[in-house]
Amino acid sequence: MQEKVGNPPKDGDFKWVGTNAIRPDGVEKVTGQARYGADLNMAGQLTGLVLRSPHPHARIVKIDTSKAEALAGVKAIITSDDFEEQDPTLAAAGEMMVNYLDVSRNVIACDKVLYEGHALAAVAATSKSIAKKALKLIEVEYELLPHVIDPVEAMQADAPILHEDMITAGVNPPPEKPSNISKQMEFALGDIDKGFADADLIIEREFKTQPVHQGYIEPHACLANVTADNQAELWVTTQGHWIVRAHCARLLGWDISKVRVTSSEIGGGFGGKTVVYLEPLALALSKKSGRPVKMTMSREDTIRATGPTSGAVVKVKIGASKDGRITAGQADMIYQAGAFQGSPVAQGAMTAFAPYELDNVKVTGLDVVSNRPKVAAYRAPGAPISEYAVECVIDEIAGKLGIDPIDLRLKNAAKEGTQTAYGPKLGPIGMIETLEATQATEHYKTPLGPNQGRGVASGFWYNIGGQTTVMMALNEDGSFNLTIGTPDIGGLRASMALMAAEELGVDYKSIRPIIGDTQQLGYNFLTGGSRACFSSGMATVEAAREIIQEACSRAAKLWELPEEAVDYKDGWIRPAGDNAGAHEPISIAEIGRMAGKTGGAIIGNAKINAQGAAPSLGQHLVDVEVDPETGKVSVIRYTVIQDAGRAIHPAYVEGQYQGGAAQGIGWALNEEYIYGDDGKLQNASFLDYRIPVASDLPMIDTVIVEVPNPNHPYGVRGVGETAIVPPMGAIANAVADATGVRFSELPMSPPKVLKQLDLARAANDADLKM
Amino acid sequence: MKHHISFTLNGDPVEALCDTDQTLLDVLRDELDMTGTKEGCATGDCGACSVSVDGRLVCSCLMLGVEMNGKKVESIEGMADGDKLHPLQQKFLEHAALQCGICTPGVLIAAKSLLERNPDPTETEVRYWLAGNLCRCTGYDKIIRAVLATAADMRGA
Numbered sequence: 002m003q004e005k006v007g008n009p010p011k012d013g014d015f016k017w018v019g020t021n022a023i024r025p026d027g028v029e030k031v032t033g034q035a036r037y038g039a040d041l042n043m044a045g046q047l048t049g050l051v052l053r054s055p056h057p058h059a060r061i062v063k064i065d066t067s068k069a070e071a072l073a074g075v076k077a078i079i080t081s082d083d084f085e086e087q088d089p090t091l092a093a094a095g096e097m098m099v100n101y102l103d104v105s106r107n108v109i110a111c112d113k114v115l116y117e118g119h120a121l122a123a124v125a126a127t128s129k130s131i132a133k134k135a136l137k138l139i140e141v142e143y144e145l146l147p148h149v150i151d152p153v154e155a156m157q158a159d160a161p162i163l164h165e166d167m168i169t170a171g172v173n174p175p176p177e178k179p180s181n182i183s184k185q186m187e188f189a190l191g192d193i194d195k196g197f198a199d200a201d202l203i204i205e206r207e208f209k210t211q212p213v214h215q216g217y218i219e220p221h222a223c224l225a226n227v228t229a230d231n232q233a234e235l236w237v238t239t240q241g242h243w244i245v246r247a248h249c250a251r252l253l254g255w256d257i258s259k260v261r262v263t264s265s266e267i268g269g270g271f272g273g274k275t276v277v278y279l280e281p282l283a284l285a286l287s288k289k290s291g292r293p294v295k296m297t298m299s300r301e302d303t304i305r306a307t308g309p310t311s312g313a314v315v316k317v318k319i320g321a322s323k324d325g326r327i328t329a330g331q332a333d334m335i336y337q338a339g340a341f342q343g344s345p346v347a348q349g350a351m352t353a354f355a356p357y358e359l360d361n362v363k364v365t366g367l368d369v370v371s372n373r374p375k376v377a378a379y380r381a382p383g384a385p386i387s388e389y390a391v392e393c394v395i396d397e398i399a400g401k402l403g404i405d406p407i408d409l410r411l412k413n414a415a416k417e418g419t420q421t422a423y424g425p426k427l428g429p430i431g432m433i434e435t436l437e438a439t440q441a442t443e444h445y446k447t448p449l450g451p452n453q454g455r456g457v458a459s460g461f462w463y464n465i466g467g468q469t470t471v472m473m474a475l476n477e478d479g480s481f482n483l484t485i486g487t488p489d490i491g492g493l494r495a496s497m498a499l500m501a502a503e504e505l506g507v508d509y510k511s512i513r514p515i516i517g518d519t520q521q522l523g524y525n526f527l528t529g530g531s532r533a534c535f536s537s538g539m540a541t542v543e544a545a546r547e548i549i550q551e552a553c554s555r556a557a558k559l560w561e562l563p564e565e566a567v568d569y570k571d572g573w574i575r576p577a578g579d580n581a582g583a584h585e586p587i588s589i590a591e592i593g594r595m596a597g598k599t600g601g602a603i604i605g606n607a608k609i610n611a612q613g614a615a616p617s618l619g620q621h622l623v624d625v626e627v628d629p630e631t632g633k634v635s636v637i638r639y640t641v642i643q644d645a646g647r648a649i650h651p652a653y654v655e656g657q658y659q660g661g662a663a664q665g666i667g668w669a670l671n672e673e674y675i676y677g678d679d680g681k682l683q684n685a686s687f688l689d690y691r692i693p694v695a696s697d698l699p700m701i702d703t704v705i706v707e708v709p710n711p712n713h714p715y716g717v718r719g720v721g722e723t724a725i726v727p728p729m730g731a732i733a734n735a736v737a738d739a740t741g742v743r744f745s746e747l748p749m750s751p752p753k754v755l756k757q758l759d760l761a762r763a764a765n766d767a768d769l770k771m
Numbered sequence: 021m022k023h024h025i026s027f028t029l030n031g032d033p034v035e036a037l038c039d040t041d042q043t044l045l046d047v048l049r050d051e052l053d054m055t056g057t058k059e060g061c062a063t064g065d066c067g068a069c070s071v072s073v074d075g076r077l078v079c080s081c082l083m084l085g086v087e088m089n090g091k092k093v094e095s096i097e098g099m100a101d102g103d104k105l106h107p108l109q110q111k112f113l114e115h116a117a118l119q120c121g122i123c124t125p126g127v128l129i130a131a132k133s134l135l136e137r138n139p140d141p142t143e144t145e146v147r148y149w150l151a152g153n154l155c156r157c158t159g160y161d162k163i164i165r166a167v168l169a170t171a172a173d174m175r176g177a
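If you're matching them up, the sequences are chains U and E in order.
Using this note's numbering, the first residue of the first sequence is number 2, and each one after it goes up by one.
Using this note's numbering, the first residue of the second sequence is number 21, and each one after it goes up by one.
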């Protein structure tokens with residue numbers, strides 16, 4: 002089935018693709034009618050609340066729920082005893098390999114709590130106030146253990162050990178003693194020593210980044226209803242309801258077919274809604290109580306106990322010849338995983354030098370656990386951290402060699418045929434095209450004012466495809482139902498309807514796209530990896546083509562012609578070839594009306610494992626102004642230049658570029674997790690964990706570059722993730738340009754910037770510009 | 021003991037029973053099933069629950085239900101006139117000024133409140149007025165443009 006949709010992209014002249022159509026789910030979203038995770042209620046529902054650990058690291062000696070159970074209105078209480086014992090080996094969850102022992106213990110602690118906010122019991126009661134009282138009546142006896150927050154400290158020989166059975170993987174021979182280092186990895190290409198020997202200039206720097214939260218405005222929420230014979234329904238805000246189904250069924254020991262999951266509208270995810278937190282608890286509480294159970298997470302718990310992405314320490318060493326050719330690139334990275342293994346260090350290692358064609362690369366990575374919430378995916382997981390560090394050193398090399406930073410990148414740019422350090426040879430990619438488009442912007446040529454600086458950085462994300470199912474039905478009036486299985490976070494339904502309208506040659510508005518539940522479609526991998534528009538688009542095109550084929554076959558039957566003797570164009574079927582003109586054309590609406598008499602409903606069912614995802618390359622160009630007295634960095638101008646392959650809905654592509662840039666600006670300048678010596682998070686609110694607000698940002702200009710992906714019928718690459726990769730490097734380079742001082746720690750918040758400026762002033766740093 | 025409250029919601033008289041500690045947001049969502057107003061933080065930091073009370077823009081998570089007696093409350097559900105969208109709602113669709121849409125009801129209510137006071141705001145004024153409404157998807161660019169375009173249209177209308 003793949004070959005059918007794997008055609009090279011068509012050129013130009015589309016009627017629908019590339020237009021900014023109003024999204025089909027738009028009116029319900031501007032009128033408050035759209036239903037998100039917390040917006041559904043059922044008769045007789047209970048409120049579920051979670052008891053969380055106040056300690057960063059402790060052994061659970063005893064949990065006594067008897068007093069809480071005795072409280073009138075309490076209908077169920079669960080602890081880890083209510084969940085299946087899991088095996089520590091990796092198991093398949095759709096396309097992912099998952100350690101279900103870790104998943105289970107993160108959802109509800111067993112034996113030990115590993116971070117402040119770690120869930121250890123849950124209550125369902127007839128009201129929220131009764132549930133709150135019940136939580137206070139649960140008596141937990143803890144044996145406090147020493148904790149460790151910083152990943153470098155967690156690697157020391159005397160650090161408290163989180164998991165007594167954690168033996169570092171990837172080390173030969175395996176260590177005898179447990180540690181907090183879960184694994185070690187390496188990607189290499191060529192001869193790194195020779196590469197450095199060939200260099201005229203070598204720069205080595207160490208960078209430090211802080212964990213940052215995805216910051217979706219909608220906290221986690223779900224509504225579960227389970228019958229006595231385990232027929233379960235779950236309404237949930239998620240990026241992947243088949244993943245939620247797999248995890249919940251596994252943790253509860255239920256058959257997958259018994260768990261029907263419906264994805265609500267989703268109020269942002271950015272990777273953070275690809276895992277389960279409340280869902281298995283709500284199902285278990287509903288099963289135990291025999292009542293529907295609704296659970297919503299507070300903002301405080303969302304920050305304290307879900308996400309974020311890793312903080313890291315990244316050492317980068319790059320060698321270059323005088324003419325600006327990079328001879329060697331090396332990175333040694335420590336990513337913190339949170340309380341359970343599984344940071345995105347591998348993705349960080351894969352992408353670190355990926356924008357460049359280099360002969361000699363070596364990247365090593367360590368995955369380290371500490372007493373923090375388990376990290377979750379966050380937009381291009383791992384890549385923003387490693388690429389930030391590399392892009393800062395690249396910029397410094399350009400400066401030292403006196404070469405324009407874009408020219409230096411052009412000289413080393415990855416292109417079609419480039420061998421990556423992580424494995425594949427690249428297909429057509431837009432590194433060179435986006436760099437040239439950046440140089441061509443008016444922004445790049447505009448002079449700067451005092452205390453201002455300009456920075457540029459590249460970003461690479463590889464993008465993925467995967468299992469996808471789509472169903473399309475021709476209705477009896479000629480309209481279409483389009484059911485897709487990847488949750489729509491930012492306009493996906495519009496893009497799907499545009500591609501379907503283009504294929505069918507029918508009005509965009511005649512197609513109603515919805516997100517189907519796990520019972521309505523076959524398996525769909527989640528919305529993530531920038532795969533939804535690519536994969537569901539590919540499947541939608543295939544489903545539309547199946548409908549065309551079936552409609553043609555019905556017309557041929559009516560005309561008593563062979564199937565190949567009819568043509569389809571723009572919603573009309575005509576006899577073709579020798580039979581041209583033999584019958585009046587028949588519309589697809591007419592075929593829909595007569596479907597019952599010609600063989601039953603006309604349906605297109607696409608079931609694919611989408612292959613051929615292609616990387617998206619982007620460049621960010623930013624001007625900042627630094628206040629010499631306060632250290633405050635203001636972003637005053639910003640342009641995103643990125644390869645979309647083809648922009649199906651250009652305004653939503655721009656939206657991805659702008660949103661990624663804004664999140665990156667927060668990462669670069671404001672956002673961080675702040676822990677006290679007691680191991681407790683001190684800024685678990687939107688007041689203290691401050692994401693960018695409207696008055697912090699300028700307009701964000703965009704340039705959509707289109708280097709079509711030859712593996713997609715419309716040339717689509719994913720665009721969502723690449724946009725968050727370059728901002729930190731671009732801003733750090735701009736701050737260096739403005740101040741004359743290199744900053745190697747994120748966030749570049751006013752106190753940190755001021756401190757470094759003061760140090761440079763005290764040292765009479767000759768490079769200092771302010 | 022619950023309290024009996026009565027107020028005007030989007031022009032209609034409503035009554036509810038609420039606990040002392042229930043916020044206006046809780047009353048709207050949990051007692052009156054008006055779920056268009058969203059909870060993003062419950063601490064007044066994100067603006068997703070923005071409503072208008074007696075013409076004043078507030079975070080409904082920062083007011084109590086028991087304060088509502090006799091008040092006039094306007095929420096997102098009252099913004100369109102039947103099936104005719106408010107110009108801001110229409111412009112937000114045309115400008116693709118929403119992605120996930122969770123912040124949209126609060127942003128629209130806040131923007132409407134701005135344009136009622138200042139029909140010709142500058143970009144900076146729009147940015148500062150909306151600084152209490154967090155959006156994590158859009159980078160605000162298209163939101164600001166949609167508000168400015170609506171203001172221009174409404175002045176011309």
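Keep in mind that the hints are not guaranteed to be accurate.
One-sided and incomplete, this derived list gives chain U residues near chain E with beta-carbon spacing under 8 Å [stated by the list, open to error]:
{"no.": "1", "residue": "K30"}
{"no.": "2", "residue": "A44"}
{"no.": "3", "residue": "A93"}
{"no.": "4", "residue": "G254"}
{"no.": "5", "residue": "S258"}
{"no.": "6", "residue": "R300"}
{"no.": "7", "residue": "G506"}
{"no.": "8", "residue": "G660"}
{"no.": "9", "residue": "I675"}
{"no.": "10", "residue": "G677"}
{"no.": "11", "residue": "D679"}
{"no.": "12", "residue": "Q683"}
{"no.": "13", "residue": "F687"}
By construction, these hints were calculated from the structure, which means they are not laboratory data.
By construction, the Cβ of each residue, glycine as well, lies at the ideal position given by its N, Cα and C atoms.
Hint by hint, here is what the structure shows:
no.	hint	verdict
1	K30	holds, 4 Å
2	A44	violated, 12 Å
3	A93	violated, 30 Å
4	G254	violated, 33 Å
5	S258	violated, 30 Å
6	R300	holds, 4 Å
7	G506	violated, 25 Å
8	G660	holds, 5 Å
9	I675	violated, 16 Å
10	G677	violated, 20 Å
11	D679	violated, 22 Å
12	Q683	violated, 15 Å
13	F687	holds, 4 Å
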